[in-house]
Structure formats: C-alpha cells, structure tokens
Amino acid sequence: MGYILCFATVTTYFSFFAAQILLLAFLAASVGRERRITATAVMDTDEECSIVLELPETDTFFDKKKKLLQSKGFSPKERICLRNSSKPDWISATVEVLLQIARIIQLNELELYFAEEYVCMSMEFYSLRNELEALNSIVLLTDISLSSCSHLHKNILQGLRQTILDLITDLGDKNSVKGGVVQKDHSCDQEERLIEWGESNGVKTQLKIAYIEGAGRGAIARKDLNVGDIALEIPVSIIISEELIHETEMYGVLKEIDGISSETILLLWSMKEKYNSDSKFKIYFDTLPEKFNTGLSFSIEAIKVLDGTLLLEELMQARQHLHAQYDELFPALCNTFPDIFPPELYTWEKFLWACELWYSNSMKIIYSDGKIKTCLIPIAGFLNHSLCPHVMHYGQVDPAKNSLKFCLSRPCKSGEECCLSYGNFSSSHLITFYGFLPQGDNPYDVIPLDIDGADVDSDENIPKSNWTSHMVRGTWLSRDHKIFYYGLPSPLLDHLRRSRSPMLRTKTFLQENLENELEVLENLKGIFDDMIKNMGEIDLNDRENCCWDEKLAMDYKSTQRRIACSVSTSCLAGRRKLFGVIAGSTCFLVLTNAKPTIQNA
1 MGYILCFATV
11 TTYFSFFAAQ
21 ILLLAFLAAS
31 VGRERRITAT
41 AVMDTDEECS
51 IVLELPETDT
61 FFDKKKKLLQ
71 SKGFSPKERI
81 CLRNSSKPDW
91 ISATVEVLLQ
101 IARIIQLNEL
111 ELYFAEEYVC
121 MSMEFYSLRN
131 ELEALNSIVL
141 LTDISLSSCS
151 HLHKNILQGL
161 RQTILDLITD
171 LGDKNSVKGG
181 VVQKDHSCDQ
191 EERLIEWGES
201 NGVKTQLKIA
211 YIEGAGRGAI
221 ARKDLNVGDI
231 ALEIPVSIII
241 SEELIHETEM
251 YGVLKEIDGI
261 SSETILLLWS
271 MKEKYNSDSK
281 FKIYFDTLPE
291 KFNTGLSFSI
301 EAIKVLDGTL
311 LLEELMQARQ
321 HLHAQYDELF
331 PALCNTFPDI
341 FPPELYTWEK
351 FLWACELWYS
361 NSMKIIYSDG
371 KIKTCLIPIA
381 GFLNHSLCPH
391 VMHYGQVDPA
401 KNSLKFCLSR
411 PCKSGEECCL
421 SYGNFSSSHL
431 ITFYGFLPQG
441 DNPYDVIPLD
451 IDGADVDSDE
461 NIPKSNWTSH
471 MVRGTWLSRD
481 HKIFYYGLPS
491 PLLDHLRRSR
501 SPMLRTKTFL
511 QENLENELEV
521 LENLKGIFDD
531 MIKNMGEIDL
541 NDRENCCWDE
551 KLAMDYKSTQ
561 RRIACSVSTS
571 CLAGRRKLFG
581 VIAGSTCFLV
591 LTNAKPTIQN
601 A
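Heads up: the sequence shown at position 465 corresponds to 465 in UniProt numbering, and the numbers run straight through without jumps.
If you are wondering where the hints come from, they were derived from the structure by calculation, not from laboratory data.
From a predicted model like this one, the values you see are computed outputs, not experimental measurements.
Wrong hints could be hidden among the right ones.
Stated by the list, open to error - What follows is a list of derived Cβ distance ranges for each label pair: (1) Ser150 x Met503: 55 to 65 Å; (2) Asn402 x Ser187: 25 to 35 Å; (3) Glu109 x Thr508: 26 to 36 Å; (4) Leu288 x Asp327: 17 to 27 Å.
Said to hold, decoys possible - Capping the alpha-carbon separation at 20 Å, the derived lysine to any residue pairs in SDA-like fashion look like this: (5) Lys551 x Arg575; (6) Lys223 x Lys405; (7) Lys413 x Leu387; (8) Lys405 x Gly536; (9) Lys413 x Asp170; (10) Lys272 x Ser176; (11) Lys551 x Gly536; (12) Lys174 x Pro411; (13) Lys525 x Pro448; (14) Lys482 x Cys565; (15) Lys304 x Asp542; (16) Lys551 x Asp441; (17) Lys413 x Met535; (18) Lys291 x Ala215; (19) Lys204 x Ile220; (20) Lys577 x Thr508; (21) Lys72 x His481; (22) Lys208 x Arg193; (23) Lys282 x Glu199; (24) Lys274 x Cys334; (25) Lys208 x Lys272; (26) Lys64 x Pro491; (27) Lys274 x Lys174; (28) Lys405 x Pro235; (29) Lys291 x Ala210; (30) Lys401 x Asn201; (31) Lys272 x Lys282; (32) Lys373 x Ile260; (33) Lys373 x Ser237; (34) Lys77 x Val52; (35) Lys280 x Trp197; (36) Lys255 x Tyr326; (37) Lys551 x Leu540; (38) Lys208 x Cys334.
Beta carbons are placed, not taken as given, at the ideal position from N, Cα and C, and that holds for glycine.
Please build the complete structure, drawing on both the sequences and the hints.
In structure tokens form, the structure reads like this:
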C-alpha cells in the first residue's frame with residue numbers, strides 16, 4: 001500500500017486556529033510555565049546517600065518516555081547512589097547519569113517526537129529549554145536532600161549542587177543572545193514612572209527598563225542575580241484580570257451576550273480604559289506603544305512575501321476571524337449603548353490594537369484558588385522572550401504573599417537583559433502574536449505534514465507507532481544521519497516505511513527493505529523540492545528599503561526555506577548512502593555466488 005504525503009493545510013493541522021483565534025492566542029500567550037517536578041525520594045543512611053528520579057505514571061507521555069529511558073538502559077524509577085570517592089571525576093560521572101534521566105523526564109511532546117532513541121551518546125541534548133529544566137530539577141532535588149540529610153553527606157550534596165549550578169552558568173554563557181546593547185539615547189522616563197508606581201503599590205524588582213538594540217524595550221538586571229533569586233515580584237492587587245470589570249456597567253451589558261468569553265470582555269474594557277484619565281492603570285496604559293507591529297498588522301506587501309508558506313494562510317484566516325468577530329459586536333453595541341461604547345473608541349483600528357495588546361502581553365495565571373485567568377501584568381510585559389531564558393516558571397500566585405514571583409532558572413549578570421520564555425512556540429506563532437523572530441535556531445520551528453494511509457495492517461510482532469501527527473524540522477539539529485535515520489524523525493520514517501510495505505521488517509539490510517528506503521526518501525525529497533519551488537526565491541537586494549513587516553516576512557521565509565532545503569539534502573545524502581550499500585552488497589553477491597538477500601551491514 002502506498003501513501004500520500006502533503007503539507008498540512010491550516011484547516012487540518014491548525015483546525016483549532018481558525019475556530020477560535022482569540023481563545024488560542026490567550027491560551028498561548030505566555031502561559032505561566034507550570035513546573036513539572038520529578039517525583040523523588042531521598043535515602044540518607046550512614047552507609048550511603050542516594051537520590052531517586054522517578055517518571056510519574058501520571059505523565060501524559062509516560063509510555064513513550066519509559067521506552068526512551070529503557071533504550072538508554074534506565075527504568076522509570078532509578079536510585080542514584082552518591083558516594084564520595086577518591087576518583088576526581090566521580091561527581092561528573094554521577095551528574096552524567098542524573099542528567100540523562102532528568103532530560104527524558106522533562107521532555108515535552110515535540111522534543112519527545114524528535115528524540116533519537118538509538119543515539120548512544122551519553123550526554124544527549126534535546127533543547128535549551130529541556131536542558132535548563134533538567135538541571136534545575138536536579139538543583140531542586142539536592143535542596144530537598146540538603147534540608148534533611150545527615151552532616152556526613154552534606155559535603156557530597158553541596159558538591160553535586162555546585163557542579164549543577166556551574167553547568168547552568170556555562171549553558172547560559174554559551175547561549176546568551178549576543179549584542180544586547182543598551183541604547184542610552186532613548187528616554188525611559190515613562191517606564192521609570194511605571195516602576196515607581198509599581199513599587200509604591202508593592203512591586204519588588206531587581207530590574208530596570210531600557211531600550212535594547214534590535215529588541216526594543218527590555219528588562220535589565222540592576223545587580224548580579226543567581227539561580228533561585230526573585231528578579232520581579234508583582235502583587236495580585238495590580239494585576240489586570242476579569243474581577244476588575246465585574247462591577248462596571250460594561251460588564252452588565254456584555255455578560256448577556258451568548259458565548260462571549262472573559263478574554264473578549266477584558267479586551268473591550270481595555271479599549272475604553274486606555275483613554276480613562278482617572279484609571280488606576282493610566283501610567284501602565286501610557287507606556288504601551290501606539291502600534292504593536294505583530295503579524296496581524298502585516299501589510300499586503302509583506303503578506304505577498306509569505307507566498308508558499310503556511311504562515312500566509314494562518315495570517316489570512318486570523319485576520320478574517322478578527323474582522324468577523326468585530327462585525328458581530330460593532331456597530332451594534334455602539335448604537336445600542338453609546339454611552340458605554342463610544343463609537344470613536346470602538347473602531348476597527350482600536351479593536352485590532354487591543355487584540356495585539358492581549359495577544360502579546362497577556363499571561364495565563366493560576367490563582368491561589370486554582371482558577372486560571374488571563375491577565376495583563378504591568379512591568380512584567382517588558383521582559384522579552386529568549387530560547388535560553390533566565391525565567392521559566394512564573395505563572396502561579398504564591399498564596400503566602402499573594403503575589404506573582406519571577407524566579408531565575410539561570411544567572412543574570414548586572415546590566416544583562418533578563419528574559420522570559422513565552423512558551424514553546426514556532427516562529428510563525430511568535431510572528432503572528434508577538435511580531436518577532438527569536439535569535440538562534442528555534443527547535444520548535446517545524447513543518448507539519450498531513451499524511452494519508454495511516455492505519456495499515458502489519459505483522460503483529462512489529463510494534464506500531466502511536467504518534468498520530470507528523471512533522472519535520474531542520475535536520476542540522478539532529479546528530480544521527482546514518483542509514484535508517486538521515487537526520488529525520490524516526491516516527492515519521494517508521495510510518496512512511498509501514499505505509500509503503502506493511503509486512504517489511506524495517507532497519508535491516510535486506511534487499512527489498514533497502515529498496516523501500518530509497519522510495520521513501522525519494523518521495524519525501526520530491527515533496528520538499530516542490531515546497532522550495534513554491535516558495536520561490538527571496539529578493540534581498542532591496543531589503544534595506546523595505547518596511548519592518550516585509551523584512552520580518554523575508555526572514556521567516558528564509559527560515560522555512562532553510563528547513564525544507566535541509567530535509568531535501570538529507571534525503572539526497574541518505575539515498576547516496578543506500579546506493580553505496582546496495583552496490584557494495586551486489587558486488588559481494590556476484591563474487592560469492594550467494595543468494596540475493598543482504599544480511600551484512
């Protein structure tokens with residue numbers, strides 16, 4: 001049985017996008033990164049001190065992670081003994097084992113999809129996010145252990161903890177964004193007034209606002225900050241959430257509209273509050289830009305540049321949906337309630353501005369009562385995104401202080417820009433809702449694939465994949481380009497092999513299996529060659545005279561072309577390797593007069 005492979009349409013792979021664009025953006029907007037803690041136990045006896053790393057059975061991807069752990073020689077529950085030794089590398093060896101396990105436990109779905117089971121590197125690396133999560137989870141374990149260990153083992157745990165902290169520092173030093181120069185010719189008077197207002201209302205901060213070259217406004221550390229330090233603490237009393245409008249006239253009108261979300265109500269409230277001279281949040285609104293310059297504001301010229309990419313269709317559907325939503329509300333609300341909804345404040349342009357405000361600045365916050373709310377958080381909105389962030393977990397209110405704390409997951413030096421993780425987002429998402437491309441290789445830049453021929457009968461002894469959707473990313477991120485891997489994701493390749501020849505035992509050097517490999521790679525290469533052709537060449541000659549949105553569209557398209565070209569090149573390289581194996585094996589068969597089955601490697 002053959003297969004049909006094509007690029008996913010936005011309405012299939014991104015079906016939720018077209019259905020509820022507002023809800024998607026709010027859910028995606030800086031969801032305050034809930035920490036996944038490794039289930040642990042600590043043994044501390046006179047004989048030994050040990051740490052237990054356990055993959056919780058409640059983990060959504062327990063079976064997949066268990067399989068990956070076992071492929072590395074570990075079980076879902078591993079006890080790691082910490083023994084002081086005269087050997088100088090005993091801590092390094094222990095850290096190596098701890099990290100291998102912690103990385104797998106901390107994998108998210110996309111990282112798990114691209115995890116290479118059969119790469120036998122002891123020090124596997126999945127992503128900067130995963131590495132920081134794994135390292136910080138081990139720091140947390142040592143802190144828990146230090147709180148209850150005997151004096152005999154205190155030095156061992158402290159030595160382990162310091163080694164991990166050194167690794168975190170080294171990771172940050174190697175992967176920090178380069179060129180974050182503070183532009184001193186830009187005034188930050190308004191931003192400084194906002195900081196003063198915040199501090200008078202209980203904000204505690206170790207950050208100041210400055211203009212960063214290439215990034216606009218950002219937050220700079222006032223002094224050296226270490227792992228665990230609180231860079232910013234915001235009291236709940238100045239967080240903008242739905243409770244603010246429950247007693248307003250506007251809320252009385254909007255709550256009667258069927259299906260209107262609390263996020264949309266907040267959006268409409270902010271359109272009016274921006275111009276309220278008596279607003280508690282006037283200083284905050286005064287610091288907001290007149291234009292947010294996200295993908296939703298792209299000009300026709302910029303959208304034309306995106307021809308041949310998925311982002312083109314995403315942006316068109318997003319804009320159409322927003323227009324439809326606006327038309328459902330206005331001018332009806334202005335005509336019926338002109339005092340509550342003054343027509344001059346509820347134009348399409350102001351509606352789009354408010355959408356971009358909430359898309360790019362809102363955060364999902366878990367309150368003390370367990371409720372999750374979409375909020376605007378003054379001052380915190382100045383922290384920019386990074387693939388190697390200083391702050392990763394900031395979405396849960398501390399019930400003891402009734403505040404939101406932004407704690408560091410890696411050190412931030414005095415004068416260095418302090419960055420958040422907005423989430424594990426692709427560049428298309430970051431452009432659409434935030435208006436920028438991240439610096440460096442984004443591991444979440446994927447091209448989704450819509451595959452037909454998924455459910456085929458095969459030998460019951462051959463394990464079936466339980467991945468239901470497939471994708472590719474830049475093959476330069478992979479370290480396994482050998483035959484049967486080619487730098488491409490194993491779930492995708494296994495699916496394509498079974499779709500073509502369900503009864504074949506893949507990844508063996510049988511003649512028919514190698515021929516199947518050639519066909520899989522040939523078809524995959526053809527798909528991506530067509531994509532490259534459809535995207536066309538990018539004219540960079542007149543780039544300097546282009547507007548901001550055209551430049552951003554060019555950069556995005558270049559990224560997509562680079563990914564597609566890497567897949568095509570890897571397929572070509574893989575076919576050449578296969579031809580070499582087949583040619584060498586054929587010579588061997590002719591010389592030995594052997595039967596035409598290839599058993600050797």
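* Numbered hints the structure breaks, given as an ascending list -> Violated hints (numbers, rising): 5, 8, 10, 17, 25, 27 and 38; every other hint is consistent with the structure.
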